[in-house]
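Student: Residue numbers (the numbering used here), protein chains in the order written: chain A, 75 to 417; chain B, 25 to 301; chain C, 177 to 396.
Note that these hints are calculated values from the structure, not bench results. Misleading hints may appear alongside valid ones.
To be verified - No farther apart than 20 Å at their CA atoms in a straight line, the calculated lysine to aspartate or glutamate pairs in the DMTMM-like style are these:
| hint | chain 1 | residue 1 | chain 2 | residue 2 |
| --- | --- | --- | --- | --- |
| 1 | C | LYS237 | B | GLU273 |
| 2 | A | LYS144 | B | GLU202 |
| 3 | C | LYS385 | C | GLU197 |
| 4 | C | LYS306 | B | GLU88 |
| 5 | C | LYS278 | B | ASP160 |
From a predicted model like this one, the values you see are computed outputs, not experimental measurements.
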Amino acid sequence: MSLNAHLVVERSAFRLDITLSVADGEVVALLGPNGAGKTTALRALAGLTPMTGGSLTLDGRDLTRVPVEKRAVGMVFQDYLLFPHLSALDNVAFGPRCRGASKSQARRTAQALLDRVGLTDQASSPPGRLSGGQAQRVALARALAVKPRLLLLDEPLAALDAHTRLEVRAGLRRHLAAFTGATVLVTHDPLDAMVLADRIIVIEGGHTVQEGAPAEVARRPRTDYVAKLVGLNLYRGEAEGHRVRVGELVFSVTEEIDGPVFVAFPPASVALFRSRPDGSPRNLWEARIDGVERHGDNVRVHLEGPVSVSADITQAALAELDLQLGQQVWASVKATETHAYPA
Amino acid sequence: MRLSHSSGNHRDVRRSRVAGRIPWVLTVPAAAGLLFLVLPLAGLLLRAPWPTLLPRLAEPNVLEALRLSLVTATIATAVCIVLGVPLAWVLARAEFPGRRIVRALVTVPLVLPPVVGGVALLLVLGRRGVVGQWLDSAFGITLPFTTAGVMVAEAFVAMPFLVISVEGALRAADLRYEEAAATLGASRWTIFRRVTLPLVAPGVAAGAVLCWARALGEFGATITFAGNFPGQTQTMPLAVYLALETDPEAAIVLSLVLLAVSIAILASLRDRWVNSP
Amino acid sequence: MTVFAAASLTGTFIELGKSFEADNPGTTVRFNFGSSATLAQQIVQGAPADVFAAASPATMKTVTDASLASTPVTFARNRLEIAVPPGNPAKVEGLKSLTDTKVKVALCAEQVPCGAAAVKALDAAGLTVKPVTLEQDVKATLTKVELGEVDAALVYRTDVLASAGKVQGIPFPEAGKAVNDYPIAVLSKAPSGDAAQRFVELVVSQRGKDVLTKAGFEAP
Chain A
75 MSLNAHLVVE
85 RSAFRLDITL
95 SVADGEVVAL
105 LGPNGAGKTT
115 ALRALAGLTP
125 MTGGSLTLDG
135 RDLTRVPVEK
145 RAVGMVFQDY
155 LLFPHLSALD
165 NVAFGPRCRG
175 ASKSQARRTA
185 QALLDRVGLT
195 DQASSPPGRL
205 SGGQAQRVAL
215 ARALAVKPRL
225 LLLDEPLAAL
235 DAHTRLEVRA
245 GLRRHLAAFT
255 GATVLVTHDP
265 LDAMVLADRI
275 IVIEGGHTVQ
285 EGAPAEVARR
295 PRTDYVAKLV
305 GLNLYRGEAE
315 GHRVRVGELV
325 FSVTEEIDGP
335 VFVAFPPASV
345 ALFRSRPDGS
355 PRNLWEARID
365 GVERHGDNVR
375 VHLEGPVSVS
385 ADITQAALAE
395 LDLQLGQQVW
405 ASVKATETHA
415 YPA
Chain B
25 MRLSHSSGNH
35 RDVRRSRVAG
45 RIPWVLTVPA
55 AAGLLFLVLP
65 LAGLLLRAPW
75 PTLLPRLAEP
85 NVLEALRLSL
95 VTATIATAVC
105 IVLGVPLAWV
115 LARAEFPGRR
125 IVRALVTVPL
135 VLPPVVGGVA
145 LLLVLGRRGV
155 VGQWLDSAFG
165 ITLPFTTAGV
175 MVAEAFVAMP
185 FLVISVEGAL
195 RAADLRYEEA
205 AATLGASRWT
215 IFRRVTLPLV
225 APGVAAGAVL
235 CWARALGEFG
245 ATITFAGNFP
255 GQTQTMPLAV
265 YLALETDPEA
275 AIVLSLVLLA
285 VSIAILASLR
295 DRWVNSP
Chain C
177 MTVFAAASLT
187 GTFIELGKSF
197 EADNPGTTVR
207 FNFGSSATLA
217 QQIVQGAPAD
227 VFAAASPATM
237 KTVTDASLAS
247 TPVTFARNRL
257 EIAVPPGNPA
267 KVEGLKSLTD
277 TKVKVALCAE
287 QVPCGAAAVK
297 ALDAAGLTVK
307 PVTLEQDVKA
317 TLTKVELGEV
327 DAALVYRTDV
337 LASAGKVQGI
347 PFPEAGKAVN
357 DYPIAVLSKA
367 PSGDAAQRFV
377 ELVVSQRGKD
387 VLTKAGFEAP
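Build the full structure now, drawing on both the sequences and the hints.
Tutor: In structure tokens:
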């Protein structure tokens, strides 16, 4: 393991306490809602926010008490923070200069990095003339220029518009794959985390609530926050055989399972009926329509009843069913569409 | 969003229609304010003895006083920058008990009547002053009645302008740039030199201009601390004041020379430092 | 009633103003003390004054030339003395001592009356003095002596007396060649002409002379 950290940062009404291990070449995403403490964790790793406890080692070297400028850490800030008075080249050369390289040597290093991120022509541009995507790449080159063993990225794509984001994300993925040290990135966008990271750590309220490979986290969310992010309905219940009791409802599931479990199913798997359907399918309950909103090409209907559920139906179905706010409907989900796993 | 490239958008906003429209209620006081500042200058121009202007200017005393004024004001400004920028940094960034009091003390020379400031300087740096006595006995340096004394008096009176301006710029500066520099391995001194200082450069320039202008016009503290002797300590304002005693027209000529030179210098610097539209 | 008077008259005129107010109930005397040249300029520019008392005939001339005052009368004379800090650290004995380059000397600038008088006295003695400073008025010159920044200065005898021991005065014979006349005049545009006339009469009366002599002035 390249990075081993137990980060503790205490403030008046907040306590961050997470452990974190990242191997060389591995990319770990810290995912969580605003105020969860992910940026605090990143700043603690960089040495910008003092830790009130815990420890931090990188490549076996204890960094807990090492000041920020002496850590072999590269950081890409949320809005890049390129020095406005320096050209792109001098921004990238800044780190090597600070670490003792001669002016010409630092510039050579910087030029090579700009070449690598495809900005050969922009070397003399001031940051004010760069597009958002270019600025992001300069910021990455600047962080890599100090040859860090740990690369930190704070919301690397949040400052970009949706279109640029797609392109820059793909480029960033390539550069991260080529980086040999450990990478920790912070994001609140699940897509960024899925595409860029080998492993996701979900932080809520200063604590790790879930950790795993992106696909695993997406398939088996363990908190409402993650479930919402990945677009699943999620419930916690007690399982007995193929039956899971969630409040007054009992779900039939395909898995044979016992004890406390999560049940998850996508909104698209929920079917709605104006009146109780014939043949009494399983997993059927009565609910009240609480909200209707567009969701891509479909319509997302929020239902209140024994459980809160999101259901995605087509525009045509919405017209056919003639659904109104506050109306009582019947909802059902097929057992084959649900997924149950131990809590 | 605090993207650095968004500055380009600000420029667009400045040119847009709405941003350039002045609420009409502001135009009247604005015009009155301008008149108030400009009319006294017009008075000087009206009463200037134009036919004898050139021969009066050619008098060696005038050129001597002008040269002395420009040299002392410039060196005093340099001293203010060397001492004032670090002081502004401490006031803006360092946390220490009594910081508010220290900040208030910095503005003392602004409030103090300059003549009193001059007396205060004599009491400290004068021949019998606490520090002056020691300077004299240890190094044989006496400041009163010397050109260096003029610079001391000017720097004393003008430094608050620089400190206040730079402190404001430092407070407004985005600290995260300094954090970014630290992650790149920059020591505190490197951060100050290569990041903080360039970021607040417009504030330093603005402060230096104010400081220089104040030093150039300095009268009270200078004549009290450094005295008045042509070629040594007689700057333009002192020459103006004494000319006023016997020959008001000469005083007007000297004032106009001082004004013309300072406006010319400030205007040319402004074009170079601030790329104003 | 407003009186514009030379700064060196501050003490005496305030005393005379008080007794004038006592003699003339209902009349208040307001003073504007300053450099005679500045006061003369202010009067020429239309300042509302009733009486002008100047420290030199030259400054009074500015006002009479502008036809703003009738015939001025000389009411007092002032004579220069060498002022030295208490204890006389530079051992100044007379005007000759001031030519010593080791002695730091302050003079009034030639543009102001005390400076003109100093030049006259030094010329009469045939001496050349290199001062370290030419001060803008006699009070500033005196301050330099009080603070010990200079070893000697030429100021009026009245100033030495008024300093109440903060400086020591050394009389010198050449001062007789540069005695300063103090003229006073009622201004022709005086808003309170009658009171102004009575105030001038008080200044030149025996009572006025007593007050002035006590302060170190000489009778004309």
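Student: Holds or violated: are the alpha carbons of C/LYS278 and B/ASP160 at most 20 Å from each other?
Tutor: holds, 15 Å
Student: Given the hint that C/LYS306 pairs with B/GLU88, test it: the Cα-Cα distance must not exceed 20 Å.
Tutor: holds, 18 Å
Student: Holds or violated: C/LYS237 and B/GLU273, Cα atoms, limit 20 Å.
Tutor: The given pair, whose Cα atoms are some 17 Å apart, holds under the 20 Å limit.
Student: Tell me if the straight-line CA distance from A/LYS144 to B/GLU202 falls inside 20 Å.
Tutor: The hint holds at about 15 Å.
Student: Quickly compare the C-alpha distance for C/LYS385 and C/GLU197 to 20 Å and report which way the hint goes.
Tutor: holds, 18 Å
Violated hints: none; the structure is consistent with every hint.
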